[in-house]
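Novice: Modelling step: build the complete structure from the supplied sequences, incorporating the hints.
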Amino acid sequence: AQSVTQLGSHVSVSEGALVLLRCNYSSSVPPYLFWYVQYPNQGLQLLLKYTSAATLVKGINGFEAEFKKSETSFHLTKPSAHMSDAAEYFCAVSDGDTDKLIFGTGTRLQVFP
Amino acid sequence: SAVISQKPSRDICQRGTSLTIQCQVDSQVTMMFWYRQQPGQSLTLIATANQGSEATYESGFVIDKFPISRPNLTFSTLTVSNMSPEDSSIYLCSVETRTGTGYTFGSGTRLTVV
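Residue numbers (the working numbering), protein chains in the order written: chain A, 1 to 113; chain B, 1 to 114.
What the hints contain is simulated information worked out from the structure, not anything from laboratory work.
Check before you lean on any hint, since a few could be wrong.
Distance ranges between label pairs, derived from CB positions [as the list claims (entries may be wrong)]:
no., chain 1, residue 1, chain 2, residue 2, range
1, A, 62, B, 101, 21 to 31 Å
2, B, 81, A, 64, 42 to 52 Å
3, A, 3, B, 62, 18 to 28 Å
4, A, 8, B, 1, 27 to 37 Å
5, B, 8, A, 40, 17 to 27 Å
For each residue, glycine too, the CB sits at the ideal point set by N, CA and C.
Specialist: Okay, structure coming up:
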């Protein structure tokens, strides 16, 4: 079964610093991968997704992620953090056999002034 | 993309009672899913709601506790039965709008069991 692992349950950065949230997947074939954001007391919002087209995927709010097959990774980055980026971020993988969407454990991003 | 209406948005229930959550989609979809998000946790898939047949449950979830109905391609319900405080969570409906690559989530039902 497909799964994703998010390294680091909490990440803290200063405003203006690089944001790097890590996600590794377990799959023998290239999966479909997603990053979602959840602001406090709000629903899920899709940031970006990889669906086997370009390996560098650009999303909303200045975020991007790069699919690296050799590293089985799909890390999320943003060059310069804003205070408004403070939220919970989830990496997810689509199971190609069942179409189920499986989530990682999440990473809480804190941004300090 | 599909628009999901999930009701109720929140509820406070007494232990031992049951709550039924409704998920209505504005278009026909093949795949519908129910998730649980416990406080401070990630989303865990409860089951896949199958139209016209029994839902497919994930490990750790059983039909007696979480009965699911899906009478057609636009509607599903999840019941949380015989509730205990441990059932306090956000329950979310999700639909697949494009095979393997597109998913839409409802706004969730925030359940508190007292």
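Novice: Now look at each hint and say whether the structure bears it out.
Specialist: Evaluation of the provided hints:
no.	hint	in the structure
1	62(A) with 101(B): 21 to 31 Å	holds (22 Å)
2	81(B) with 64(A): 42 to 52 Å	holds (44 Å)
3	3(A) with 62(B): 18 to 28 Å	holds (22 Å)
4	8(A) with 1(B): 27 to 37 Å	holds (31 Å)
5	8(B) with 40(A): 17 to 27 Å	holds (20 Å)
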